[in-house]
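> Throw the hints in and build the complete structure from the sequences for me.
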Amino acid sequence: MESRKQGGKKEDMDLLVQDLDFRSAIYWPSSYMQNIAKVKGTWNREMIKSDTILKLLQGCNSLKRLQKIHSHVITNGLQHHPAISTKLLNFCAVSVSGSLAYAELLFRHIENPQTEAWNSIIRGFANSPSPLQAIFYYNDMLSALVARPDTFTFSFVLKACERVKAESKCREVHGNIIRCGYERDVVVCTNLVRSYVVNGLIGLAQTMFDNMSERDLVSWNSMISCYSQAGFHHEALKVYDRMKNENVGLDGFTLVGLLSSCAHVGALNIGVHLHRIASEEGFVENVFVGNALIDMYAKCGSLDDALRVFDRMQRRDIFTWNSMIVGYGVHGRGDGAISFFKQMLMAGVQPNSITFLGLLCGCSHQGFVEEGVEYFHMMRSKFNLKPGIKHYGCMVDLFGRAGKLEKALEIIGTSPSQDDPVLWRTLLGSCKIHKNVKIGEIAMRNLIQLRASNAGDCVLLATIYAGAKNTDGVLKMRKMIKSQGIKTTPGWSWIEVGNDIHKFVVDDKSHPDSNEIYCKLREVICQATLLGYVPEKSFIIVAGLITKECLETSTSCHSEKLAIAFGLARTSKGTPIRIVKNLRVCRDCHSFTKHVSKAFNREIIVRDRVRFHHFKDGFCSCKDYW
DNA sequence: ATAGGGTTAG
1 MESRKQGGKK EDMDLLVQDL DFRSAIYWPS SYMQNIAKVK GTWNREMIKS DTILKLLQGC
61 NSLKRLQKIH SHVITNGLQH HPAISTKLLN FCAVSVSGSL AYAELLFRHI ENPQTEAWNS
121 IIRGFANSPS PLQAIFYYND MLSALVARPD TFTFSFVLKA CERVKAESKC REVHGNIIRC
181 GYERDVVVCT NLVRSYVVNG LIGLAQTMFD NMSERDLVSW NSMISCYSQA GFHHEALKVY
241 DRMKNENVGL DGFTLVGLLS SCAHVGALNI GVHLHRIASE EGFVENVFVG NALIDMYAKC
301 GSLDDALRVF DRMQRRDIFT WNSMIVGYGV HGRGDGAISF FKQMLMAGVQ PNSITFLGLL
361 CGCSHQGFVE EGVEYFHMMR SKFNLKPGIK HYGCMVDLFG RAGKLEKALE IIGTSPSQDD
421 PVLWRTLLGS CKIHKNVKIG EIAMRNLIQL RASNAGDCVL LATIYAGAKN TDGVLKMRKM
481 IKSQGIKTTP GWSWIEVGND IHKFVVDDKS HPDSNEIYCK LREVICQATL LGYVPEKSFI
541 IVAGLITKEC LETSTSCHSE KLAIAFGLAR TSKGTPIRIV KNLRVCRDCH SFTKHVSKAF
601 NREIIVRDRV RFHHFKDGFC SCKDYW
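In the UniProt record's numbering, the protein residues as written are 1 to 626.
A hint or two may mislead.
Stated by the list, open to error - In silico DSSO-like cross-links for lysine-lysine, where the CA-CA straight-line distance does not exceed 27 Å: (1) Lys503 - Lys244; (2) Lys407 - Lys165; (3) Lys407 - Lys623; (4) Lys55 - Lys68; (5) Lys469 - Lys479; (6) Lys573 - Lys616.
Honestly, the hints are just simulated from the structure, not real lab data.
This is the structure we're talking about:
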């Protein structure tokens, strides 16, 4: 580019005219632009009137064409013509092939820009990588007091608020919307509600939504997708109940948002219902819907159904393949993930970093160390993908789980972010499986150094110490928990029965049918014990390490057992029981669930924080390798 | 002249 700046040869000029680009246009002096015109002989002789240019701009639909018109504008000295500059500005700011930097330059040359010009620049930045700039321009617009914001201005600036997480700005813009009398505009209101949800102001958003004078399908869909993306899955599903009551209908967007929430909470029954609706109303051909269905089935523990949807899809994209690969991965099916990966390549679809997360996860859980290493290297060598922190996490897990703790430690050393506590925590977890005190201590030391250690970590190391009969170590951990009062994440499990989701925490007594559940649990424990289940008291209790904070990690009544008892009581014989939990399954619960699956002849599918466990006939699909 | 909604990982 630099050399071109000085270039004066005719061939160079022709080349330049051909790929005249706004990005570089900023740096061109006007004399240079005149040179370009001279090269194109006819241009400087032909004087074009402004209305001709405006007409040309109106019909302009490609960058190439605009580049030509732009040259005409410069040649004829029309770059400051108000209507022309606004049109040009709009194109530069909004078009994918435009340039925001150039748009800003054009904008600065407009005297007293009107709403139209402000809108262009705000819209351009709202969709750009720096949406904050849009808010600045909006502020400037208001203080300039020349042009009044209109509904479009508000839509654009709200988009920016949504993207930069500007909570207080949302409220301020809301005030201006009311002041300008636009609080009844559906689009503006929908945008406002969106930015409230995305900024976590759920209550406010809900009230706004309820009070909207008019709501269309897009408004409803926005609610669902925003709730879903912000992690408010139950709220998203509740919106659907309201939609049914108010007969608003639904479309592919609705289904995608809802299915994603079903996937997150493991609501298979609702997901199946949505699948039926999708088939009845002709939305299964929609790739987005198909992908969401695959993901929903996989995340709800039903790989067979995911496969059925996959097989029937006419069009597949990267999401389709990734959903299958990640699905097999989290089910501990490295073989399946690898097979889909190969098919994906044969179908000519380029993998991305998520593809490899699925693959590595599958390899790690199936003990495919060599394959995992191979794919990890393949990312860079064959696909030019840089492994991220999560990929390193998978590798630490891959080696650690397989007992290659030294290798796991080495991997952390080569990772770009050694100050990520997750890597050290993963290693600590592996040390617990393999009862390795030495490396466990190294992991803990790093966690402490990073000021990231929590009670869960202390309990892990205490267990390792206890296993090695290291009383001093146990006491040290106990002291640490007590002195720092560090808390663990409260554990919970939930189960879907019918269309309702029941959530349990440890020793939960809050369920309306609590008595019945505990009664059932006693029976279940009894049956499991008859088949050889021995409650496994953790060393923590033995060592008297139990504190209120680490209750969840003890073997009191874990949420999972309550959910299983509830499931056995409330679902018919022979139907699988599906549980979703936020932590990993503990040893005692794992053994308990195996025995229950045999005693009650029930398939029990547990989705824990990292993977699926399918319990059947006294065995688990993870083969106790988890 | 110009507007709002979608899937995988975390």
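> Now, for every hint given, state plainly whether the structure supports it.
Consistency of the hints with the structure:
Taking the CA atoms of lysine 503 and lysine 244, the gap is near 24 Å; set against the 27 Å cutoff, the hint holds. Straight-line distance between C-alpha atoms of lysine 407 and lysine 165 comes to about 41 Å, which puts the hinted pair past the 27 Å bound. Taking the CA atoms of lysine 407 and lysine 623, the gap is near 23 Å; set against the 27 Å cutoff, the hint holds. Among the hinted pairs, lysine 55 with lysine 68 is consistent with the structure: their alpha-carbon atoms are about 14 Å apart, no more than 27 Å.
A C-alpha spacing of about 17 Å is found between lysine 469 and lysine 479, which places the hinted pair at or below 27 Å, so the restraint holds. At most 27 Å may separate the alpha-carbon atoms for a hinted pair to count; lysine 573 and lysine 616 meet this at roughly 14 Å.
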